[in-house]
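Peer 1: Once you have looked at the hints, place chain L on chain R.
Number of protein chains: 2
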Amino acid sequence: MVRRRSPSPTANTHPYCLPESALEALPEGTRSEVLRVLYGAPSEPLVIAGDASAAASQHKIELKGYKIGGAAIEHRRAPRVVKVAVVQNAIVAPTTATVDEQYEALERRIGQLVDVAGKGGANILCLQETWHCPFFMCTREKQPWCEFAEDPVTGRPTRFLQRKALEYNMVIVSPILERDEAHQDLIWNTAVVIGNHGNVIGKHRKVHIPRINDFNEANYYLEGPFEHPVFETEFGRIGINICYGRHHPLAWMLYACNGAEIIFNPSATVGALSEPMWPIEGRNAAIANSVFVACLNRVGTEVFPNAFTSGDGKPAHQDFGHFYGSSYVAAPNGSRTPGLSRTSDGVLIVECDLNMCRQVRDRWCFQMTGRYKDYAEALADFVKPDHKRHIVCDPLMPSSAAQ
Amino acid sequence: MVRRRSPSPTANTHPYCLPESALEALPEGTRSEVLRVLYGAPSEPLVIAGDASAAASQHKIELKGYKIGGAAIEHRRAPRVVKVAVVQNAIVAPTTATVDEQYEALERRIGQLVDVAGKGGANILCLQETWHCPFFMCTREKQPWCEFAEDPVTGRPTRFLQRKALEYNMVIVSPILERDEAHQDLIWNTAVVIGNHGNVIGKHRKVHIPRINDFNEANYYLEGPFEHPVFETEFGRIGINICYGRHHPLAWMLYACNGAEIIFNPSATVGALSEPMWPIEGRNAAIANSVFVACLNRVGTEVFPNAFTSGDGKPAHQDFGHFYGSSYVAAPNGSRTPGLSRTSDGVLIVECDLNMCRQVRDRWCFQMTGRYKDYAEALADFVKPDHKRHIVCDPLMPSSAAQ
Chain R
0 MVRRRSPSPT ANTHPYCLPE SALEALPEGT RSEVLRVLYG APSEPLVIAG DASAAASQHK
60 IELKGYKIGG AAIEHRRAPR VVKVAVVQNA IVAPTTATVD EQYEALERRI GQLVDVAGKG
120 GANILCLQET WHCPFFMCTR EKQPWCEFAE DPVTGRPTRF LQRKALEYNM VIVSPILERD
180 EAHQDLIWNT AVVIGNHGNV IGKHRKVHIP RINDFNEANY YLEGPFEHPV FETEFGRIGI
240 NICYGRHHPL AWMLYACNGA EIIFNPSATV GALSEPMWPI EGRNAAIANS VFVACLNRVG
300 TEVFPNAFTS GDGKPAHQDF GHFYGSSYVA APNGSRTPGL SRTSDGVLIV ECDLNMCRQV
360 RDRWCFQMTG RYKDYAEALA DFVKPDHKRH IVCDPLMPSS AAQ
Chain L
0 MVRRRSPSPT ANTHPYCLPE SALEALPEGT RSEVLRVLYG APSEPLVIAG DASAAASQHK
60 IELKGYKIGG AAIEHRRAPR VVKVAVVQNA IVAPTTATVD EQYEALERRI GQLVDVAGKG
120 GANILCLQET WHCPFFMCTR EKQPWCEFAE DPVTGRPTRF LQRKALEYNM VIVSPILERD
180 EAHQDLIWNT AVVIGNHGNV IGKHRKVHIP RINDFNEANY YLEGPFEHPV FETEFGRIGI
240 NICYGRHHPL AWMLYACNGA EIIFNPSATV GALSEPMWPI EGRNAAIANS VFVACLNRVG
300 TEVFPNAFTS GDGKPAHQDF GHFYGSSYVA APNGSRTPGL SRTSDGVLIV ECDLNMCRQV
360 RDRWCFQMTG RYKDYAEALA DFVKPDHKRH IVCDPLMPSS AAQ
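Chains as they are written, first to last, in numbering that gives the first Met the number 0: chain R, 0 to 402; chain L, 0 to 402.
So that you can see chain R by itself, here it is in the shape it has in the complex:
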């Protein structure tokens, strides 16, 4: 009832990481020019500790590392070089296994992936959205799925990752389904932020919930409180814009307004719907807000016991489609790293100097030229029930009332 890697060689599950692996067939001069336009200033390979590579190889984990260059040496601030890492992975046990069996298989796998990131020297690591369960929201069934939800402080996922954070002196962002026992057992989609001393710094609940296709998330949890907190950690200030918030430019902006230097976008999204948007939205957010953005997505096809329909007129089926991975990091200067594969579990470690954020702001002046007060007034006006749009009508057009 589960395939960890989709076996069929269809377009949806083409194995290569696009476009960089595919582009290897191009002549060198052409290839570097294409990549310059597609990805901006090239990321250099990052030298990764041998035991990280060995662990990755042992556990069949794709491990990629890059250095994003281009930050200047400043007179008054030392460089703030950090290694940001993301994990992408498939579920492990069949979805017919018990909830505990499924969780424990995932915990073991995540342990291997976190170990690779930790041995590779990652300072801040983000796991994918609801990493501790299959993405069952497509089914609209409640049992046994809601049982996966966990207390964000005392639950097993947090306790497990606190040990890992301490072991590797690493901040870990752990996106889970949160069981809120203190409020009548509500469920939230929550990112728990664990400090490098193993402490829980805080949590943030997903603000924008999708209402599309098989993302039936509104049946399981509500929009979190309208807030965009930034977590100040030993290695930098981070925000977490969970999954569907990726489509909302204002969501990204508000994390930046609160001081984020790195914004993570832990996601679970499938090819047919969102893949062409994937390289665009996170990277645009990095450019528009002069921050680093790390987008990560699960991989594989998850198959469920009972068939369900998708509101698209097609017959009932048992899977949601192929989660296409392709996790990447984008920089404030418009560049991005190559991505992880579309089909394999992987760890991406990216070294960057957080000083670049302010340097790019000083250079491009997007923040100085943004007209925030005017925007606020325009949006406040827009939501009024009697809002009149500013339309200048051609008086000569056939249907014009002015004619």
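By construction, these hints were calculated from the structure, which means they are not laboratory data.
Worth double-checking, as some hints may not be accurate.
[Claimed, not checked] Here are the in silico distance ranges between beta carbons for each label pair: (1) R:G310 <-> L:P384: 43 to 53 Å; (2) R:G310 <-> L:A181: 36 to 46 Å; (3) L:G310 <-> R:I72: 15 to 25 Å.
Beta carbons are placed, not taken as given, at the ideal position from N, Cα and C, and that holds for glycine.
Peer 2: Here is chain L on its own, set in the frame of chain R:
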């Protein structure tokens, strides 16, 4: 003093339109898969009238046409299929020629380009930013450059394009420098919208002015009034987000809030600075706002009589860099057309069904899940002098005051 097409085969002036021409070297299966991820659902070629192709060939104009598919047939609305076109071009006469000589050479060239679009059946055409003059703002000199500014109603550029609009039954967006004689000779960066009956429907002044590098535009004109009007024409509702507004997500959003279905981004931008952002920003705006977006940029390297420095510590020089063309159209469903070349004058004609905008809104629900009222309040709070950022500090980090 002018090179219409940069002759040196450096990276900056690599001739191919990236990445699609370069990708022709890939095996077909790989190529189509790369393009699917890069560009979304493929645009079909558009059949273009023979006399348009002949005119393009005669005048050495690159002519490309595409159909953006994917709009559904609706029960209650007929399809609203329009042909949207953009022009990109280099200046013609040397920058040492008189202002009239330079303008007249440009008018002749633009006439050829507009004829190609008109014969090709374009319904709405946009010319590039300040098409009637070189992009002289890099020089910081005022003479003779300010003399290029024209009255938006009675000036030569408008009268010339009114005749063309009438001849081809075509809406034309004409971005010029506006001389505002009624207000003490102010200069604005303005898009004049000419209806398909040859009438001036209205104008819109650039809202966001760059403050970066050689874009010394703030020395020549100020930010226009904070407004994002939409022009209702016989062929659809259009907004014009001039050049640097491309970097501001809220600017795009406000045109969409006013009902735009197509937003043009007439630009003048050079490779070293902005090229990796170019394919991202306009396309993200199309996705985030469920509208069509047409981005267009001039081509070539413009050389000026007197050397100037660029605030980058490098020696004085006489050109601003290579304007890289690469004009393209992006659709609300995440797809985009291939672009025009990086180096040649060109016309891009794109057929699309404007019904797709609302269809994508109904499907993805970005507008329904956007929290505009909350955004307005958050931004109003952000601009307060005593605004406190929402930061959750790790109490265990060494520098924490909480320790």
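Peer 1: Each of the hints needs a verdict: does it hold here or not?
Peer 2: Now the hints, each set against the structure:
1. In this structure the hint that G310 (chain R) and P384 (chain L) lie 43 to 53 Å apart at CB holds, the actual value being about 49 Å.
2. Evaluation of the 36 to 46 Å hint for G310 (chain R) and A181 (chain L) yields a failure: the beta carbon distance comes to about 57 Å.
3. Separation of G310 (chain L) from I72 (chain R) is about 19 Å and conforms to the stated range, judged on CB atoms against 15 to 25 Å.
The structure is inconsistent with hint 2 alone, although it conforms to all the rest.
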